[in-house]
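Since the structure of chain A is already known, use the hints to place chain B on it.
The primary structure of each chain is shown beneath.
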Amino acid sequence: LAKTTQPPSMEAYEGQEVNVSCSHTNIATSEYIYWYRQVPHQGPQFIIQGYKDYVVNEVASLFISADRKLSTLSLPWVSLRDAAVYYCIVTGANSGTYQRFGTGTKLQVVP
Amino acid sequence: EAAVTQSPRNKVTVTGGNVTLSCRQTNSHNYMYWYRQDTGHGLRLIHYSYGAGNLQIGDVPDGYKATRTTQEDFFLLLELASPSQTSLYFCASSDRESGNTLYFGEGSRLIVV
Chain A
1 LAKTTQPPSM EAYEGQEVNV SCSHTNIATS EYIYWYRQVP HQGPQFIIQG
51 YKDYVVNEVA SLFISADRKL STLSLPWVSL RDAAVYYCIV TGANSGTYQR
101 FGTGTKLQVV P
Chain B
1 EAAVTQSPRN KVTVTGGNVT LSCRQTNSHN YMYWYRQDTG HGLRLIHYSY
51 GAGNLQIGDV PDGYKATRTT QEDFFLLLEL ASPSQTSLYF CASSDRESGN
101 TLYFGEGSRL IVV
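Residue numbers (the working numbering), protein chains in the order written: chain A, 1 to 111; chain B, 1 to 113.
Read the hints as simulated data drawn from the structure, not as lab findings.
Ideal Cβ positions, reconstructed from N, Cα and C, are used throughout, including at glycine.
Please note that a few of the clues may not be correct.
With the C-beta cut set under 8 Å, the calculated list includes, among others, these residues of chain A facing chain B [as the list claims (entries may be wrong)]:
| hint | residue |
| --- | --- |
| 1 | 43 |
| 2 | 98 |
| 3 | 102 |
Pulled out of the complex, with its shape left as it was, chain A reads as follows (with noise of 0.2 Å):
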């Protein structure tokens, strides 16, 4: 079974920011949360990795709690081309430890 619990949808209008919650109150602490998405058509892209307090890259920025067991994904101004099925996976980082996924969370974006 996965080790995260998502929303399984959300909506939102283009130009909006989105904030994309995911619980992983069993996670481990060797573990790291990544996040994911996957556009129809195409495999899972990966969008952002953390371990603790807040990460940001060109994409998005990841905040996660001081327990580590809620991680927020976030998406500035998202666009029609941000509509997508977002994953959150937590594993350890090394090697040899694959990674689950659930169902994610579909981001519909309307103009």
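Showing chain B alone in chain A's frame:
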């Protein structure tokens, strides 16, 4: 840019047929994975490997075999295909040096009639 290539991209076979899905990665990654994706289930891991000759069982291995012939090539084998194996299959690779980030191929759609 990391590259994972799958073939065939689309395949139709009959029940009981023999199917091989191929995956090649040029990332020099040690780990390779096969997932299947079905509506309502997300991505589920079938088999994975950490190097040539190695095979590890994932969460849904029944009805599937896999072989890792080289670091680059990972094959998924369906020797007696069934309609329940109609799905979208993804191959991925990862490595410690890339922070265990998964790089996916574009998928192989298999229909078993």
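Given residue 102/A as an interface hint, is its Cβ closer than 8 Å to any Cβ of chain B?
5 Å, holds
Hint residue 43/A vs chain B: min CB-CB distance below 8 Å?
3 Å, holds
Does residue 98/A meet its interface restraint, that is, does its C-beta lie within less than 8 Å of any C-beta in chain B?
5 Å, holds
The structure shown violates none of the earlier numbered hints.
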